[in-house]
Amino acid sequence: MTKYLGVISFALIILVICFFTANITQVIDPGVTTFRVLMICGIIISFSFSFLSENGLWRKLALGLSIFAGFVYFIAIELMRIVFQGNGF
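Just so you know, we're using our numbering here: the sequence shown kicks off at 49 and counts up by one.
Hints should not be assumed to be uniformly reliable.
Unchecked claim - In the SDA-like style, the derived pairs of lysine to any residue whose C-alpha atoms are separated by at most 20 Å in a straight line are: (1) K51 <-> F99; (2) K108 <-> A59; (3) K108 <-> N71; (4) K108 <-> V75; (5) K51 <-> F83; (6) K51 <-> V131; (7) K108 <-> I125; (8) K108 <-> I72; (9) K51 <-> Y121; (10) K51 <-> N103; (11) K108 <-> D77.
The hints are simulated quantities; they were obtained by calculation from the structure and are not laboratory data.
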């Protein structure tokens, strides 16, 4: 099973990135709570799967994309939410 965790993780993080892009471009409009739960769970599950997978190309790709997507989500969504909510937005 660990042989395929890298591929599964890569596919999952691609789906998370597509969901993020669809939400930013307003193709879909989920609620704020639904968006945050799906993004956080998707990033955590993808990171866990990629960390548990066998060494190889898929692990490196999935782990790198998981970390990148996590940082982008944290900076673009969570930090900006804190900044704008604190200033009366």
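Hint check:
1. K51 <-> F99: 12 Å, holds
2. K108 <-> A59: 13 Å, holds
3. K108 <-> N71: 27 Å, violated
4. K108 <-> V75: Status violated; Cα separation ~30 Å.
5. K51 <-> F83: 30 Å, violated
6. K51 <-> V131: Violated. K51 to V131 sits at ~42 Å, over the 20 Å cutoff.
7. K108 <-> I125: Not satisfied, since the Cα-Cα distance of roughly 25 Å exceeds 20 Å.
8. K108 <-> I72: This hinted pair is violated, its Cα atoms lying about 27 Å apart.
9. K51 <-> Y121: 28 Å, violated
10. K51 <-> N103: 9 Å, holds
11. K108 <-> D77: It is violated: about 32 Å lies between the C-alpha atoms, which goes past 20 Å.
Violation of the numbered hints given earlier is confined to hints 3, 4, 5, 6, 7, 8, 9, 11; the remaining hints are satisfied by the structure.
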